[in-house]
Amino acid sequence: MLNIHEQESKYAESARKFRKNVDRDLANQELRSNFRGAMDYLMDKRKTAFPEQDELETLRRQAQLIKQRCLLKLPHLLEELEQNLTKNGIHVHWAETPAQANEMIAQLIASKKGKTVVKGKSMVSEETALNDYLEQRDIECLESDMGEFIVQLAKEHPSHIIMPAIHQNKKQVADLFSGNINDFEHTTDVDALIQQGRKTLREKFCNADVGISGVNFAVAETGTLCLVENEGNGRMCTTVPDLHIAITGIEKVVEHMADIPPLLSLLTRSATGQIISTYFNMISSPRKKGEKDGPEEVHLVLLDNGRSQAFADDELRQTLQCIRCGTCMNHCPVYTRIGGHAYGTVYPGPIGKIVSPHMLGLEATSNLPTASSLCGACGEVCPVKIPIPKLLLRLRKESVKPESQQPVIMKGQGSGRTTLEASIWKAWSLVHKVPALYRLSMFMVTRFRFLIPNKLGGWTSVRTAPKPAARTLHERLRERK
Amino acid sequence: MSQLNSQHLRNYPQKPKQVYLYGTCLVDTLFPDTGMDAIEFLEHQGIEVIFPQGQTCCGQPAYNSGYQDEAKAVALQQIKQFPLDIPIVVISGSCGGMMRHHYLELLGDEPEIKSFCDRIFEFTEFLVHSLHIKLEDKGSPERVALHTSCAARREMGVHITGNQLLDQLDNVEVIKHDYESECCGFGGTFAVKHADISAAMVGDKTKNLLNADVVRYVSADHGCMMNINGSLEYQKQSLRGEHIASYLLSRTKEQGGSKC
Amino acid sequence: MSTKTELQQLSSKSKSSILAKLKAQVSGADYSKLPVEMAYEYPELSHQQQLELFTNNLTANHAQVINTSKESIERIVAEELSKRNLNKILIGTNSEYKDGLSAQLEVQEYDFDLQQNKPYLFNEVAASLSTSLCSIAQTGTIVLWPDENEPRTLSLVPPVHFVIVDAQKLYPSFSDVLVKQKWQQNMPTNIVFISGPSKTADIQQTLAYGAHGPKELVVLLINV
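For the record, the sequence lines run as chains A, B and C. Residues in the first sequence are numbered from 1 upward in steps of one, following the numbering used here. Residues in the second sequence are numbered from 482 upward in steps of one, following the numbering used here. Residues in the third sequence are numbered from 742 upward in steps of one, following the numbering used here.
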């Protein structure tokens with residue numbers, strides 16, 4: 001049997017460096033200002049796109065129920081999807097791990113003797129680090145979404161799932177182009193920069209052997225792959241090369257075509273405040289006889305990568321309702337401050353905090369669920385009503401649950417548990433569940449308040465330390481009677 | 482009002498004769514004056530306030546840290562302290578949210594838990610919706626800002642009632658500050674575990690409050706205020722926050738002015 | 742590199758494993774107890790209001806909308822091209838506009854296979870003309886069903902795309918289209934919704950048009 005080399009995701013390593021990354025990026029004022037500007041813009045756009053609260057709430061509820069229904073039927077919908085895609089002439093491949101998906105894609109490319117690949121935006125291919133994998137096999141793999149193109153030139157990862165290069169400003173992009181594109185005439189004019197990108201990439205579309213794309217929705221009843229985009233690069237990748245390989249997560253399947261309109265409307269309006277994207281592309285088969293363009297072969301790779309783990313718990317399953325609009329990050333005060341790279345994961349921001357632990361395990365991601373003030377802004381705007389704060393709490397619970405405690409829900413259970421913290425909470429609980437003990441402790445705290453240090457770790461790096469009152473409210477009210 | 486979600490719509494009791502006060506652990510040890518002020522204010526309205534001495538903490542710190550068993554033991558203890566079927570007024574939106582919403586999750590198996598949660602009212606919502614309070618402002622003219630904690634805003638709708646109360650004060654001009662709905666960075670143990678991120682957030686929050694050019698800001702949560710005031714004091718700024726219970730009391734008392 | 746058979750085996754093993762895990766969770770689910778999914782009821786619009794909405798949305802998205810009659814299509818295309826200093830156009834095969842256009846312009850039909858003609862299409866064609874299936878008012882969307890006469894790249898690669906839209910085939914919303922046209926029953930190779938020229942805001946949230954697809958979308962709305 002085939003031996004695929006399973007190795008730990010590079011994102012596990014970078015996620016472990018969360019604190020270091022945060023220190024680095026918080027100190028970068030240009031980055032902070034790029035993110036603040038971008039988030040303000042996106043929040044404002046979204047607000048304008050939903051003028052009627054009533055419509056928004058009806059749509060959100062409808063979308064939530066659609067996604068929950070589709071998840072409840074997920075295994076059957078996946079089978080139906082495969083049947084219909086196959087009937088339409090699209091080949092379906094199933095991968096449990098990123099390594100399997102990469103190997104399948106590499107094999108498909110090799111079967112066509114492909115040497116150059118153009119890619120449309122696909123966050124799932126970021127999960128598998130597909131570009132690295134193909135490059136190691138001497139296959140040129142070029143990102144064609146403008147943001148992804150910039151990020152690839154800069155040898156970085158997307159810092160946002162919708163706007164990958166949001167961490168860069170136009171001056172930075174201009175400098176990047178100067179160093180990487182031949183005959184680039186230096187300019188910070190955005191139109192000129194985009195035209196430069198267009199010129200470079202059109203050559204590539206023209207010559208590429210293979211197009212790789214993601215999928216926004218896969219429709220089970222018809223066997224249709226739907227792609228949402230503004231630039232047209234997605235259409236290029238899925239139309240011009242002879243081979244089109246799409247890759248997506250197993251949760252992207254919907255039951256009916258009629259499920260699409262509300263989801264699409266919420267997706268584009270939540271993401272960028274557009275009533276619809278420039279293009280909505282529905283692909284149901286490879287080129288048919290007599291047709292003059294379109295790929296000869298179309299393949300879909302369905303990836304699990306931890307999704308079935310989230311699926312196995314009723315509460316955590318809601319994570320899979322996500323339609324990847326990114327509005328949770330746009331509204332997140334933590335994301336706005338630290339930016340997308342600090343997380344070290346493919347998916348940053350609130351959705352990243354709840355989905356990455358399933359992909360990378362709780363051990364590598366133990367800092368993510370705690371890095372939230374639980375302000376609730378994400379849950380308030382989520383178009384499919386994922387209770388993100390509640391899921392963060394749940395992940396915190398799984399993270400500090402004793403390693404051996406059954407049932408084990410998640411890989412890496414208990415990895416956030418320290419003996420010290422566990423005993424502090426035990427003691428805390430004891431004090432607070434026995435009123436007399438609580439009153440005694442508070443009595444002691446107030447009487448010995450001069451002993452409370454003026455330095456309380458990180459708290460006092462930017463704040464003064466709180467001082468206990470001379471007498472507690474309990475005491476004062478006892479005396480009052 | 483666009484933030485008002487259906488979860489905020491609830492039945493409010495008509496003005497009761499008696500209420501319980503839930504003081505919260507933070508007020509108990511750090512800001513007992515606020516508790517005293519809230520009681521005095523409610524008593525002025527002709528309501529008897531009962532403060533059960535057995536109350537300790539709502540359990541939120543442990544709950545938010547993932548230590549649910551520990552939180553549960555403490556939460557169970559709180560429920561026992563409030564046997565009478567009268568409203569429980571909580572002087573913190575965040576603790577109120579914990580007891581009104583999260584207790585249902587945490588203690589879902591307990592009998593009568595629903596009716597306990599239904600008796601939880603945040604201080605300002607109680608004033609507006611149960612007492613239908615009419616405030617007479619006796620203070621001198623001033624500009625203030627309102628900061629509402631995120632839990633208060635999103636779980637309890639307190640930004641609405643807070644504003645409604647301040648709007649009743651004739652001499653008080655409520656100034657909106659930039660990013661008003663954005664979190665101050667407190668988040669309980671978050672401020673300790675991720676102190677750097679929290680510091681960046683409170684840095685921005687204080688900047689926005691200072692830019693509003695107000696004499697004070699008012700809030701219904703001491704958690705946020707401990708964070709924001711601590712940062713302001715560290716920056717040697719004179720601006721401070723005041724709990725809305727104390728503020729309303731001082732504005733409506735004969736002497737006038739605020740004692741902050 | 743693994744062989745094809747080995748990968749097929751791997752795929753089917755992964756499939757069984759994934760499906761088994763999923764089925765273990767939801768095998769007994771009772772679909773009859775699913776909550777009712779309520780759609781939002783949008784206010785009904787008259788045809789005229791829909792036309793206005795359609796036009797406004799497209800214009801807001803940087804498309805040019807020209808109201809015209811069927812008879813004037815060829816003349817307007819020629820005029821618009823001449824404004825751009827162009828005199829050639831790529832059209833679909835079996836087009837009813839071929840003769841009219843040929844009288845004024847150099848017309849090329851898409852009668853070739855893309856595979857051997859990529860450099861031509863990418864580098865030499867400046868403008869194209871296509872028809873459309875229907876359109877959607879709520880989002881200012883034009884629906885294209887590319888086919889052997891009008892291939893997918895006809896509306897994608899040339900920098901200026903003229904598209905003919907029949908005002909009588911305007912629907913209020915995407916949902917309405919699905920209800921009336923029942924696409925579910927027979928999907929073509931490709932359906933594409935176009936709601937403006939190609940664009941991007943990937944550099945510092947600044948909108949720029951002509952990212953990869955057409956820089957200009959000229960909508961010829963047959964409305965008389």
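Just so you know, these hints were derived from the structure itself, not from any lab. Misleading hints may appear alongside valid ones.
[Stated by the list, open to error] Listed next, the in silico DSBU-like pairs over lysine-lysine satisfying Cα-Cα at most 30 Å (straight line): (1) A:K289 with C:K774; (2) A:K385 with B:K553; (3) A:K112 with A:K20; (4) A:K73 with C:K829; (5) A:K47 with B:K688; (6) A:K385 with C:K774; (7) A:K73 with C:K839; (8) A:K73 with C:K811; (9) C:K774 with A:K390; (10) A:K87 with C:K829; (11) A:K411 with C:K839; (12) C:K745 with C:K839; (13) B:K688 with A:K20; (14) A:K47 with A:K115; (15) A:K385 with B:K657; (16) C:K762 with A:K73; (17) A:K288 with C:K774; (18) C:K910 with A:K73; (19) C:K910 with A:K289; (20) C:K921 with A:K73; (21) C:K921 with A:K288; (22) C:K762 with A:K289; (23) A:K397 with B:K561; (24) A:K433 with B:K674; (25) C:K859 with A:K385; (26) C:K745 with A:K390; (27) B:K615 with A:K397.
Legend entry - Non-conforming hints, listed in increasing numerical order: Numbers 1, 3, 4, 7, 8, 10, 11, 12, 14, 17, 18, 22, 25, 26 and 27 - these are the hints that the structure violates, sorted from lowest upward.
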